[in-house]
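Chemist: As a plain string of letters, each chain reads:
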Amino acid sequence: MTGFLRITKLDFFTMKAQLVSYLSLVLIVIMYAFMDSSVTILCITGAWFVALLSTNIFAIQEKNNLDRLYGSVSVSLKDIVLGRYVYVFLNYLTAFLVIIVLHSCFTLFQNKALEFNDIMLGFSLSFLVFSAITGIQMPLFFKMGYTKAKFWSMVPFIVVMVLVAAPAFVSALYGVVEFMQSNETVLIISALLASCLIQFFSYLIAIVLYRKRKRG
Amino acid sequence: MIDNALELKGISKDFPGFKLNNISFSLPKGYIMGLVGPNGAGKTTTIQLILNMLEKDAGEILVFGKDNVESENAIKQDIGVVFDSIFYVDSWTIKDTEKAVSLFYEDWKHDVFNEMIKRFDLPQNKKIGELSRGMQMKLMLACAFSHNAKLLILDEPTSGLDPAIRDEFLEILQEYIKDGERSVLFSTHITTDLERVADYITFINRGELVYTGSIDELLGSYRLIKGRARDLTAELKKSIVGLRKTDMGFEGLMEAKKATQFKNCVIDGATIDDIVICMSKGGTR
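Chains A and B, in that order, are what the protein sequence lines are.
Residue numbering for the first sequence follows full-length UniProt numbering, starting at 1 and increasing by one per position.
Residue numbering for the second sequence follows full-length UniProt numbering, starting at 1 and increasing by one per position.
The hints are simulated quantities; they were obtained by calculation from the structure and are not laboratory data.
Note that beta-carbon positions come from the ideal geometry of N, C-alpha and C, so glycine has one too.
It cannot be assumed that every hint is accurate.
Label pairs and their calculated CB-CB ranges [unchecked claim]:
#, chain 1, residue 1, chain 2, residue 2, range
1, B, V112, A, L163, 52 to 58 Å
2, A, D67, B, T192, 28 to 34 Å
3, B, K95, A, K214, 30 to 36 Å
4, B, I172, A, D67, 25 to 31 Å
5, A, V155, B, F120, 43 to 49 Å
6, A, V155, B, E168, 49 to 55 Å
7, B, G160, A, V26, 43 to 49 Å
8, B, K245, A, V155, 58 to 64 Å
Make the full structure from the sequences, and use the hints.
Modeler: Rendered as structure tokens:
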């Protein structure tokens, strides 16, 4: 097993006791199903929720001196960072799959059809929201540790909220939203591309900042 | 053949307000070395540099003859680490800990781990957070032994432990180095522990290396000198390190070869504690 996968596995072990909190995701799906919300809104809410929960790994790391564990075992700094990014992404992916499966069940139960395009739109937009939040948060956590970065880690949530609400107040942006709505494929592809780029650059920045922290 | 388990050559690390300066020492295979010094002397920084948890500014660190940065992953397969506080997740059980830690070692021995857990009488299903400090320390040791570590690095492992557990711990260390291939670097404040088990000692004060060498040589090099106030001549004052004046007279540390000159004073053998205290007060010599 390569170094980063060991770290990902270790992260799952680390968060074992906290995984139960993800059950509330099921409650969100049930609630949204009764509210008859679209799968896109449900996925974005799920991504928001997972972004809030998955970075708890940094809190557990700090509370239990896990930097000492990482420092004493055969694993490189890059593996620690990559392993953590993979762990956080897998959190999102699992949550997305759970949401889709549960939502499909509810849709079937209500005799409605779930379009593949809706799923892709839900995936791409929720991944964009998730990447925008965690992509800013993770380098901060690697640089400052959980306690010091806690305040700043709320900034991306506010930024995303502002961006989502902006078209309602800025008429120029409303045109962009209309264009996106009428060109779903372009929207899906550009959201996925943007998400991957954010994750990639966030990972590179996190390595630089974590190395800087190690320099003391 | 590599004779040293660990070798530091001119290690320096600069922090704002503190500098670890030009630290050099070597730990031969099959021996225990104590790393002593007052709080803030640079012991933990030295250990973190050896483990590459901190980047050094200058110098070279060789573990089993290999550079500690270039061969970090290979070297760490052979190093066991015990810190002053546990670094496993408090909600893990001992079984969980084994699963998590064994991920990182190619030569992990499940049987050895189980044997150590039984020997240390550790409860398999208790959570880490519920274990006593002594039990936590034993668990870290069990993990270190289970991947057949050839170099144990211990950072204040016995602080806060009761004398009975400390005694048991020292016995385990002596047993551990019996085969002549394994070595221990042991940072501690409790220098009586070192007098019992250590062969070598490295003394760091304010980031500077004060002494490195055999413990017998260190104890043989210094004497504790005590006397009445009127016997404290200017010449004597110059020779004493960490001079302490009391209502009754004075006391301090002196090089053994000079001590014989002062017949009016009481000369006693110095302990490591005496040496550390006097040197810390009087600066490096």
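Chemist: Quick one: are V155(A) and E168(B) within 49 to 55 Å, going by C-beta?
Modeler: This hint holds: roughly 51 Å between Cβ atoms.
Chemist: Check the following: the C-beta atoms of V155(A) and F120(B) are separated by a distance inside 43 to 49 Å.
Modeler: holds, 47 Å
Chemist: Between K95(B) and K214(A), is the Cβ distance one that fits in 30 to 36 Å?
Modeler: holds, 32 Å
Chemist: The hint says 43 to 49 Å between G160(B) and V26(A); measuring C-beta to C-beta, is that right?
Modeler: Holds - the Cβ-Cβ distance for G160(B) and V26(A), about 44 Å, lies within 43 to 49 Å.
Chemist: Given the hint of 28 to 34 Å, is the C-beta distance from D67(A) to T192(B) inside that range or not?
Modeler: Once the Cβ atoms are compared, 31 Å apart, the range 28 to 34 Å for T192(B) and D67(A) holds.
Chemist: May I ask you to test the hint 52 to 58 Å on the CB atoms belonging to V112(B) and L163(A)?
Modeler: Holds, at about 55 Å.
Chemist: Range hint 58 to 64 Å: satisfied by the CB atoms of K245(B) and V155(A)?
Modeler: Holds - the Cβ-Cβ distance for K245(B) and V155(A), about 59 Å, lies within 58 to 64 Å.
Chemist: Does 25 to 31 Å hold as the CB distance between I172(B) and D67(A), or does it fail?
Modeler: holds, 26 Å
The structure fails none of the hints (numbered hints given earlier).
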